[in-house]
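Chemist: Generate coordinates for the entire structure from the input sequences, incorporating the hints supplied.
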Amino acid sequence: MEIRSFAEYLRSLDDLSLTALFQTRPELISPVPADIANLALRASSIPSLVRAVDSLNKWQLQLLEAAAVLNEPFTEKELLAVTDKSAKFALPALIERALVYEGGDGFRLPGNLREVLGTEIAGLGPISQKKLNLKELAEAPDASKKVLDAMVWGPPRGSVADVRKPNPGLAWLLERGFISPVSQQSVVLHREVAIALRGKKIHKELEITPPEITGKEVKAKAIQATAISNITTFLRWSEEVLNFWALQPPTALKAGGVGVRDLRDLALHLGLSEECTAFVIEVNYLAGLLTIDPDDRILPTHQFDLWLSYSASRKWEMLVSPWLITSRLSGLVNRDGSKSVTPMGPELDRSSAASIRTLVLDILQENQEITPDLQSLIAHAQWQRPYRRTGGIPAEYIEWVAREAEWLGLTGQGSLSSYGMALLTGADLDQVDSDLPKPVDHILIQSDNTAIAPGPLEHEVAQELDLIADIESRGAATVFRFTENSLRRGLDYGRTGEEILRFLKKSSKTPVPQPLEYMIGDISKKHGKLRVGNTSSFIRCEDNALITQIMKDKKVDALGLRRIAPEVLISSHDASDVINILRAANYLPAAEDSQGILLSGPRIARAQSKARPPRIIGEFEKPDEILLETALRTIRTGEKSTAKQSTLRNLSANELGALPRSTANETLDLLTKHILETPNKSLSIGYADNNGMVSHRIIDPLRISAGSLQARDHATGEVLTFRIPRITGVARL
Amino acid sequence: MSDGPLIVQSDKTLLLDIDHPLSTECRRAIAPFAELERAPEHMHTYRLTNLGLWNARAAGHDAELVIDTLIKYSRYAVPHALLIDVAEQMSRYGRLRLEADPVHGLILVTTDTAVLEEVIRAKKIAPLLGIRIDQETIAVHPSQRGAIKQSLLRLGWPAEDFAGYVDGQAHPIFLKQEGWKIREYQEHAAEGFWHGGSGVVVLPCGAGKTIVGAAAMAHAQATTLILVTNTVAARQWRDELIKRTTLTEDEIGEYSGSKKEIRPVTIATYQVMTKKKNGVYSHLDLFDSHDWGLIIYDEVHLLPAPIFRFTADIQSRRRLGLTATLVREDGMEGEVFSLIGPKRFDVPWKEIEAQGYIAPAECIEVRVNLTEAERLAYATAEPEERYRYCATTRTKRDVVQELVSLHAKEQILVIGQYLDQLDDLGETLGAPVIQGSTPQREREELFQAFRTGEISCLVVSKVANFSIDLPEATIAIQVSGAFGSRQEEAQRLGRVLRPKADGRGARFYSVVSRDTIDQDFAQNRQRFLAEQGYSYTIIDSDDVFQGKI
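Just so you know, the protein sequences line up as chains E and Y, in that order.
Using full-length UniProt numbering, read the first sequence as starting at 1 and increasing by one per residue.
Using full-length UniProt numbering, read the second sequence as starting at 1 and increasing by one per residue.
Because the hints were derived from the structure by calculation, they are not lab data.
Keep in mind the model is a prediction, meaning the values are calculated, not measured.
Honestly, I wouldn't trust all of these hints.
[Said to hold, decoys possible] Which chain Y residues face chain E? A few, computed with CB under 7 angstroms, are given here:
#	residue
1	Y76
2	T537
3	I538
[Stated by the list, open to error] With a cut-off of at most 25 angstroms between alpha-carbon atoms, the simulated DSS-like pairs for lysine-lysine come out as follows:
#	chain 1	residue 1	chain 2	residue 2
4	E	K438	E	K509
5	E	K146	E	K165
6	Y	K260	Y	K276
7	E	K77	E	K201
8	Y	K243	Y	K500
9	E	K204	E	K216
10	E	K200	E	K131
11	E	K200	E	K145
12	Y	K12	E	K221
13	E	K88	E	K204
14	Y	K72	E	K221
15	Y	K350	E	K509
16	Y	K275	Y	K259
17	Y	K277	Y	K260
18	Y	K176	Y	K243
19	Y	K72	E	K219
20	E	K204	E	K77
21	E	K438	Y	K72
22	Y	K72	E	K216
23	E	K135	E	K77
24	Y	K275	Y	K260
25	Y	K72	E	K525
26	E	K438	Y	K12
27	E	K130	E	K200
The beta-carbon is built from N, C-alpha and C at its ideal position, and this holds for glycine as well.
Modeler: This is how it looks when you write it as structure tokens:
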């Protein structure tokens, strides 16, 4: 049979299989590659492979790891032998994702995949260079067995005191090559040995089926009731937040986001935990109901006014939909007391957030009859997405999704409600509206100056009441308390005493108690007796006639004077300007300071700030000894390396006569080959910098990854990253 | 969703719609675990507190019952978080138990070793404990029974007390229901107390708390120590007990400043109990002088601090606290509950009024306008003198005089805080003044004259705040008070709440200076009564002079 390359394999696929591939790995067609060769290149590129691997569940990942450990090409039978018979049913999923392909002579993995899976796949070390006699393992002395037992399930590396003076157990193993020294203090167990010791298997335990979701059963009715109450509550919270901030807009931090104190104030106002408050803020921000104005104030948007007029189901949908797809995790706010992570701030994005959310909601959707136990939910979700590189989804991310879904009312008592289901599947949400408690349009005012709305209050009534009463208790019902302060607030917002009373009489089912009526009358009588305003300067004079004369004087019109008392005029101009203008109009004003003391003559002006004489340029400070010594040493070291560099460069220039030149593919080939065959030799390359200037570098290549070459540059002695397309050519020295 | 009478709020308050047909049933169902906080005319507010939930556990109600009740009567879906919290709090109760032990006396036993480990490490608890008997048991010094219960409560791990009560020396006491009958709520209150072992009964002024005490004594059938606020109250208790029970004069002793009798039923005053001699409370021995089977604390909201401390030591005796207003401005309500016992019975004042056992009352706040000169003087007064100044302004005198003349045919009490003001009023109104320095004999003579109608107007200081039984008083005029004290206001109203022979309503006037701190204090003072459903009408003093009341 002929060996096929990955590209040839892809070329051989029918449309159906290619469609399936694109469905499981959508990044392959964004943008659409020009041809199959390009597709193959992309499908075996590291970023794409990482995504594909991340989408595997635990069992699929284990199977892939097993495949990566086998020598290519391998057969299905070989793979089944090191794993489990049921791998037969999991293998197609890997093939569908083109993570394993039929290479003509058997199965192969696309290039780079092993690199994505890591260096020590499944805790296995490298293959031994020489032929091992594995049968000898059975006769290993006890001391050696102890060493093997410790290393067999990985990690394959172990540290020893000194490889040259091994203890007897280790010595026996080193002698037979089962273990090889890596450095003076560490050794590695070879792959064949570990597999043999693992009983011809790769993994200690195969997690073929996901951990079961456990939890207690809940009646559907209870779920619905809780969910609807959660929905109502969340809508109320949103409205509260937006109304609260409309009255007292907080200022966003310099780095963006809501400050700790504002968050705490809001949490106190809502009677919620800071976590929950942060979440409400974030959701409203995502839904576009809340924004940061150019002047850094955080304010509700016009969208909020529209939102208020919608039906409950639409309001809810507007809040939940952006949450489903956002990459922001409000759970990160204030976690571990980190003050810099704030709601609406820049540091909440996590690329995996949306996919984790979808995953958890999917699990909830599949387990609708029960309230999943959080631990089992986490275990299950982590099995579904083992995320090889990061060691699984952080448990708290899963917890947050569950918690937020409950706050939003997608779930009730932790179980997906039919409202949540309808929203996730895009079905009609009318049920939400019909199941919500009917809004009430009246309140009950009682003699202890409280008013109770025995249910969710109609928006207009609630808004008006908010102005004139403080909220004492929230929930399905609301308890308002009238105090002097709250009534004053109403008056501040332009209501009159009669208006307040009329409103209360209209909306209350019970008569307005006399003391409240009295209090409203009393306060509205007193309100505004004191007046406060801003002004820049004043003119006072005990002579009434003179004041009147100034008021009438056309020459001082520019001052825009206003008479606030028989003897006092105010102006929005600065006192010195007022004095000048009055003098020009032939009056004889004198200045007065804040204590009312007459100021005699102009004050001699003095700066308010500290003196800052300009810096002296052009002179150098006398260097001290330390500085001198450091400078000397730096120069000497530089000199040495330059000398070495130029020798090498001369050498290569002599050999090549010019900068090395090779095509990109040749470069890659040369480099790969060089690293594999003669890893410790230096190379000469031409490298274009950011400005296109090509320079000559002498380097020791280390490895190639993600389109870049990592190498030690002789000029600086540092390990640098060279982008392969920028390498103009490679030549050996 | 049911259409129940109860709305469960997320902040753990319960709103009860009393106009709902199921409201009475619901009230009964939630009473064991929820505290009545406010009882105005339409919606009563209850609160779920940890203490209330634990008391419910102590009385044998479990979390499931509480949750079922809430769900059953709730109008809207009950917040899930609240239900979880209820279950969690209730499960904390009873993990620790105090038990009597033949060897070690008193022991603390746990079903959850982790909890025991936690509490024995607490700083406040460690000194109260004896030797560790085993993994689950530790000895407690018997005299620390009250203290350890109190500390455990504060830690959030209330102990269930199985150590029981001593019976005390037996003494036959029976109710003598001749020509009168114990009222249903009084019986419920006494039974509620007896069933619970110890506790506080809250009943409005004039609702017959003495009878509840007598009924409790009849349950106990044992020697009883009764602690009251003052001598007048002591004599009233004695008279009432002789009238309502089989006890005779010889069986009841008075332990006060003037007499030191110790008899099977002894009535002592707080004042004598807390009197110090050479720096020690010599009279506190009274608690130990007899094997009391029952201790009754009248007006328990006034319980002085030394008695508090002592009460902690007598946890094995049954204790009954009686009060109309369990609000303490010093915020020590919690101490009363943990030392005397939980609230066993509480009923809104308006409900008793509806049953006709206390007189309906009308509360009127009369706002007095200060004269220009008075306003100026008030504005310049020293801050600590301000209340006194505005509470005793001359203008008030004219208003009081007018009010008295408007109610000339009724029995009137004028109540105030400042003696100068009272003397001045006494002179103006031509009425006798009773104050702290008035001799006991004279006081009783004056009260008697007032009861018979010989005198129609009395001016009294705060000595008459409590326990003075003046059934025929129908009008009370308050001119000044102890700042913003809520319970004082309620107690003063209580003076006119005894049902009148002709079923007449009572009136309570509070004369307040407008736009001063007097007005602010008045607002605070009225809160308790407003929460009980008493609605104040506010009028201007001009209305009084024009007779528009």
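Chemist: Determine for every hint whether it applies to the structure shown.
Modeler: Here's how the hints hold up against the structure:
no., hint, result
1, Y76, "4 angstroms, holds"
2, T537, "5 angstroms, holds"
3, I538, "4 angstroms, holds"
4, K438(E) to K509(E), "17 angstroms, holds"
5, K146(E) to K165(E), "18 angstroms, holds"
6, K260(Y) to K276(Y), "16 angstroms, holds"
7, K77(E) to K201(E), "13 angstroms, holds"
8, K243(Y) to K500(Y), "20 angstroms, holds"
9, K204(E) to K216(E), "32 angstroms, violated"
10, K200(E) to K131(E), "17 angstroms, holds"
11, K200(E) to K145(E), "17 angstroms, holds"
12, K12(Y) to K221(E), "23 angstroms, holds"
13, K88(E) to K204(E), "19 angstroms, holds"
14, K72(Y) to K221(E), "14 angstroms, holds"
15, K350(Y) to K509(E), "21 angstroms, holds"
16, K275(Y) to K259(Y), "14 angstroms, holds"
17, K277(Y) to K260(Y), "15 angstroms, holds"
18, K176(Y) to K243(Y), "8 angstroms, holds"
19, K72(Y) to K219(E), "15 angstroms, holds"
20, K204(E) to K77(E), "19 angstroms, holds"
21, K438(E) to K72(Y), "19 angstroms, holds"
22, K72(Y) to K216(E), "22 angstroms, holds"
23, K135(E) to K77(E), "23 angstroms, holds"
24, K275(Y) to K260(Y), "13 angstroms, holds"
25, K72(Y) to K525(E), "48 angstroms, violated"
26, K438(E) to K12(Y), "22 angstroms, holds"
27, K130(E) to K200(E), "20 angstroms, holds"
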